[in-house]
Amino acid sequence: MSFTDPILTVYFLVIAAVFGLVMGSFINCWAWRSTHGESVLAGRSHCATCGHELGVRDLVPVFSWLASGRKCRYCGENVSARYPLTEVVCAVAFVAIVAAYGLTLETAELLVFAGVLLFLSLTDLDERIIPNACIVVALVVRAVYLAVAFALGWLEAGQVLFYIGSAFGVGVALLVIVLIADRVFGRESMGGGDLKLYFVAGFYFGWQQCLFLVILSCVIGIIVAIASSKPTADSAGEGEGVMRRAIPFGPSIAAACVITMLVGAPFVSWYLGLLS
Numbered sequence: 042m043s044f045t046d047p048i049l050t051v052y053f054l055v056i057a058a059v060f061g062l063v064m065g066s067f068i069n070c071w072a073w074r075s076t077h078g079e080s081v082l083a084g085r086s087h088c089a090t091c092g093h094e095l096g097v098r099d100l101v102p103v104f105s106w107l108a109s110g111r112k113c114r115y116c117g118e119n120v121s122a123r124y125p126l127t128e129v130v131c132a133v134a135f136v137a138i139v140a141a142y143g144l145t146l147e148t149a150e151l152l153v154f155a156g157v158l159l160f161l162s163l164t165d166l167d168e169r170i171i172p173n174a175c176i177v178v179a180l181v182v183r184a185v186y187l188a189v190a191f192a193l194g195w196l197e198a199g200q201v202l203f204y205i206g207s208a209f210g211v212g213v214a215l216l217v218i219v220l221i222a223d224r225v226f227g228r229e230s231m232g233g234g235d236l237k238l239y240f241v242a243g244f245y246f247g248w249q250q251c252l253f254l255v256i257l258s259c260v261i262g263i264i265v266a267i268a269s270s271k272p273t274a275d276s277a278g279e280g281e282g283v284m285r286r287a288i289p290f291g292p293s294i295a296a297a298c299v300i301t302m303l304v305g306a307p308f309v310s311w312y313l314g315l316l317s
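When the letters of the sequence shown are read in order and numbered with the working numbering, they come out as residues 42 to 317.
Calculated from the structure, these hints are not laboratory results.
Keep in mind that the hints are not guaranteed to be accurate.
[Unchecked claim] Simulated restraints on C-beta separations: (1) Ile264 with Gln200: 33 to 41 Å; (2) Arg228 with Ile264: 20 to 28 Å; (3) Val177 with Val265: 21 to 29 Å; (4) Cys259 with Gly92: 34 to 42 Å; (5) Ser109 with Thr76: 17 to 25 Å; (6) Leu146 with Ala83: 27 to 35 Å.
Cβ atoms here follow ideal geometry from the backbone N, Cα and C, with glycine treated the same way.
Sequences are here, hints too, so could you generate the full structure?
Below, the structure is given as C-alpha cells:
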C-alpha cells in the first residue's frame, strides 16, 4: 500500500469495499439482464420473479437481502444468495487490488478488468458464454494503459512488445494444445471464449505469470468440478461421482486472473529464484 498514514489506508480500503459492493450489485444486474434479453439502461431494477420494481430499501448491497429475510418483499419468493455473494466477491477483489497497488493508474486498470471478469463469469454460469464485448473491453483497457505508461516513460517499448508477444504466444500455444486434445478425445476440450480469455491474460500478465495462471485455473476448475459432482449409480450398479452437467470454465480462469494480479509476480520471482 502506498499510504503511510494507517487512518488514510483504512479510509481508502473502506471506500474500495463500498465501491466494490455497489459495482458488484450493478454487474450482477447487468449480467442478468444481458442473458435475459433486457437492456441495463431500460427501466429500474425489478424482482426477477414477479417483475415488481424495487425500492431504495431493496437496493442496498447485502443488507437489503438480509433485512428482507432473503425473500422478495412483494411476492415472497426466495432471492438467490448469488446476489449478495457476487457483491461480497467484488468488494473483496476491489479491496485486495487497492491494497496491493495503491492509488495508481494500474489500480484503475485492474479494477476495470476485475469487473469485466466478474461479468463474464456470471454470463458463463448462466448461459455458457463469454461475450466478445468483454474480451474487447479488457483488451482496450489494457492497450490504453500500456500506451499511457509508455508515453509517460513508465514502460519501455520492449516491455510493451513483451506483453503483446505474450498474448499471441499464450493464445497460439493453447490453441495448438486444444486442437490436439480435441482430435485425441474426439470432443471439444475447451471453448473459444476460454481461449480468448487466456489470450487476454497473456496481454495483462506476460507469459511467465500466465504459466502460473493456467495451472492455477486448472486446479480451481478441478476443485469446482469435484465439488459440483454427485455420487450416482451407473448402469452397472457401481456408485461413482459423475458430473450432472457441464461446468463452465470461465469463472475458474477469472478467479485465477484475480489471484495472479495479487500474487503472480512474487510467486514467479520466488520460483525463478529457486532455479538460479
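Checked hints:
1. At roughly 34 Å, the beta-carbon separation of Ile264 and Gln200 lies within the given 33 to 41 Å, and the hint holds.
2. At roughly 22 Å, the beta carbons of Arg228 and Ile264 sit within the given window of 20 to 28 Å.
3. Taken as a hint, the range 21 to 29 Å holds for the pair Val177 and Val265, whose Cβ atoms sit roughly 27 Å apart.
4. For the hinted restraint 34 to 42 Å between Cys259 and Gly92, the CB-CB distance of approximately 41 Å keeps it satisfied.
5. At roughly 24 Å, the beta-carbon separation of Ser109 and Thr76 lies within the given 17 to 25 Å, and the hint holds.
6. At roughly 33 Å, the beta-carbon separation of Leu146 and Ala83 lies within the given 27 to 35 Å, and the hint holds.
In summary, this structure violates none of the numbered hints.
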